[in-house]
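> Sequences are here, hints too, so could you generate the full structure?
As a plain string of letters, each chain reads:
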Amino acid sequence: MTRLKTFQELFKRDRRPGDLVFAVLFLGFCLFLLANLRSQAQWLDNTATVAQPAFWPTVAVIGMSFFAGLHLIGSMVSPRIPGRLKEGIFWLRSAEYAVYFLIYVWSVPIVGYLLSTILFSLFLTVRLGYRSRTAIIMSVLFGLSVVLVFRTGLQVRIPPGQFYQYLPDSIRTFAMVYL
Amino acid sequence: MEAILGGIQILMSWQVLVALLIGSVGGVIIGAIPGVGAAVAIAILLPATFAFEPIVGLTVLLGIYGSAMYGGSIPAILLNTPGTPVNALTTYDGYPMTKRGQAHRALSLAYSASFFGGVFAIICLILFAPVLAWVAPNFGSREIFLAALLGIILVILAHRGQIMAAGMMAFLGIFLSTIGLEPARYTHRFTFGQGWLTSGINLIVIVLGLFAISQALLLLLDKERKPESARVEGSLWGGFVELLGLKRVAGVASSLGVMMGTIPGVGEFTAQFLSYTYAQKTSKTPETFGDGSPEGLVASECANNAVPAAAMIPLLALGVPGEALTAMMLSVFYVHNVIPGPQLFQNEMDFVMALYMAMLLLNVIVIVFLLSSTNLLLKITQIPTRFLGMMILVLSFVGVYSLRNSAVDCALAAGFGVFGLILKRLNLPIVPIVLGVVLGAIMEVKLRSAIARINEPLDWFNRPISVVLILLILFVVGNHYRAVLLEHRQRVQRAADGELKGREGEAPVAPEGF
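Line by line, the protein sequences are chains E and X.
For the first sequence, my numbering begins at 1 and goes up steadily by one.
For the second sequence, my numbering begins at 1001 and goes up steadily by one.
Misleading hints may appear alongside valid ones.
Derived DSS-like pairs (lysine-lysine); straight-line CA-CA distance at most 27 Å [to be verified]:
| no. | chain 1 | residue 1 | chain 2 | residue 2 |
| --- | --- | --- | --- | --- |
| 1 | E | LYS86 | X | LYS1424 |
| 2 | X | LYS1281 | X | LYS1099 |
| 3 | X | LYS1223 | E | LYS86 |
Derived from the structure by calculation, the hints contain no laboratory data.
So this is what it looks like as C-alpha cells:
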C-alpha cells in the first residue's frame, strides 16, 4: 500500500481540464500505430538492425507508447480540475476556423490571391464581431498589403487565379504575375 | 583575421543590409506584440526566405530571432504581459517598477541589459570561432549522432514536471520524421497506401501548424484583450550608466546565457533561472527580488539575450539545432544546399563570421530603434488580440501554400494547428515535437553511416569525443534520476513532518516530479 502511494505521489502533476481525454486519445493513437507497425515498416534481410527501414519507426512508436502510457497514469493519479466538457467544446470550436482556412486555401487558385485574401480577412473580421468602419477598412488594407508584400514584392510561389483569364488583356498579364 | 575580413565583405551588400534592417526592426515589433513571438514570425516567413541568397534569408530570420526578446520586454514591463514567453521573468521586477512610477528606468535598464547580453555573446562567439573550427572537424557521424541524442534527452529532461509529455512529444516528432519514402532502401513507412504521404510531412508544415496556426486559433477563440498603457516620457539612455554599477550581475548572467545557449535543448529559461537565482543569492537586497529589483531585471534580460547567439554554435558547428527556432533555420540552410556542420567551419569560415557580425550589427540597429520609438511600439502592442489572430491566420497561408502549392499541406498544417491549440490549452510542451522531427532525421542518417565503422559495442569508445558524449549522456540521465529521487525523499519527509498538507489532508501536486 505504501509503495502504491509512493508511486502515485511520483506521478502526480499539474492537470488541466481535458487532460485525461487527451491522454486516452493519444495512447489510443499510439496503440493504433503499434498495431500497424509490422505492415507499415519493413524489416529486410541481410541488413544491420539500425540500418533497417523499420528501425526508427519502431523506436519512435514504442517510445511514444511508453511515455503515453506513463502520461495517462500521471493523469489518472493527479487531482482533477472540473471543466472537461467545456474544454472539449473549446477544442471543437477551433475546427470552425480551420474549415474557414481550408475554404480560403481552396478559393485561392480559383479567384486569385488578391481577391480571396481580402475577402477572407474581411469575412473573419465580421465573423469576430468587429463591425466598425475602421475595423473593416483595416482588414481590407491588411489583406491588400499582404498580397503586395508577398506576391508582388517577394514574388512567393502562389499560382494565379483561374478568374484572371477573364480579365481584359491590358491587365491580365499584370494580375497573373503580381496579384 | 582573414575570415573576419571575408565576413565583412559578404555583409557589405545592400540586400544583406536591408534584410538586417527589416529582420531586426520587424523582430522588435513582433516581440512587442503579446501573442505573436519570434517562432510564429519565423514559421510564416521561412518559405519566403527560400527565394533569397542563404546569407540574406538567414539574416532576416536571425534578425527576428535576436531582436524579438528586446521588444518582448516592453509589454512585460509596462503591461505585466510578456511579449515573448522568455520575457516572463522580466515581469517579476519590471512591472513592480512600473507600478512604482519607474517605468522609464525599468525600460532603460532592460534595453541596456539586453544589448549587453547580446553583444557579450557575439564577442564570445567570435573569440571561440577558432577553437570551434579546430574541434568541429573531429565530429564524425558517430559524434553527431551522439550529440543529437544528447539534445533529445536534454529537451525531454528540461521539461521538469512534464517529462512524460515531453517524452511522448519528442518521440512523436521522431515518428513524424520517418513517415514517407525511406531514403536508403526506398520502402514506404506509415504511408497507409496514400500517395500524398509518400514525400513525408514537411517540417515547415508542422512548424507552421504547431506555432502559427495554433496561436491564431487560440487568439481567435479566446476573450478579447486590448491592453492600455501610459506613454513613456524622457530619454532612455540612462540605463547604460546604471548598468555599469551592476556589471558583475550582467557579466555572470550573460556568461550563463552563452553557456546554456550552447547546450542543445536547454535555452533561455534555464539561463534566466540560473542567472536570477545567482543575482538574488549574491545581492545585498535579496528581499527586493520579485518586487522591482534592478538586479533581477538585469539578470533575466542579459541571460535571455545572450542565448540566441550562443544557440547558433551547435547549429553551425555540428548541424544540430538546440531549440525550435534554430531547427527552423536549419531548413533554410538545407534549401540552399549549405550543410551546417564541421565542413562549414573548415571551408566557409567567412560565411560563419558574416553571420556573427550580422548579429552584432542587429543589436546596434535594435537598440537605436528602441531608444527612439518605444512609444510607437506601445501603440502596436494595443492591437486587439482577436484581430491579431485573424492576421496570423491570413499570413499562415503564405507560409504553407508557397512551399509547394499544395492544399494537402495546408490541410495538414490546419490539423497540426488544432493539435497545437490542444497542447497549449493543456500546457503540454510543443518544442520537443519540432526537435524530434529535426534530430530524429539527423540521428537516423548519422547512425546509419556511423555503424559501418562499428563492429562491436566497445568501438563506440575508441574516439575521445564519442567517449565524452557518452559519459555526458550517462551523467545527464543519472543526475536527473538522482535529483528526482532526492526531491521525492524530501517531499515524503516534509509530508511526514506535516508541512505539505493541502486540501482535504492530501499532499499537493509535486511540480518537481516526472
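> Report the numbers of all earlier hints that the structure fails to satisfy, in ascending order.
No numbers; nothing is violated.
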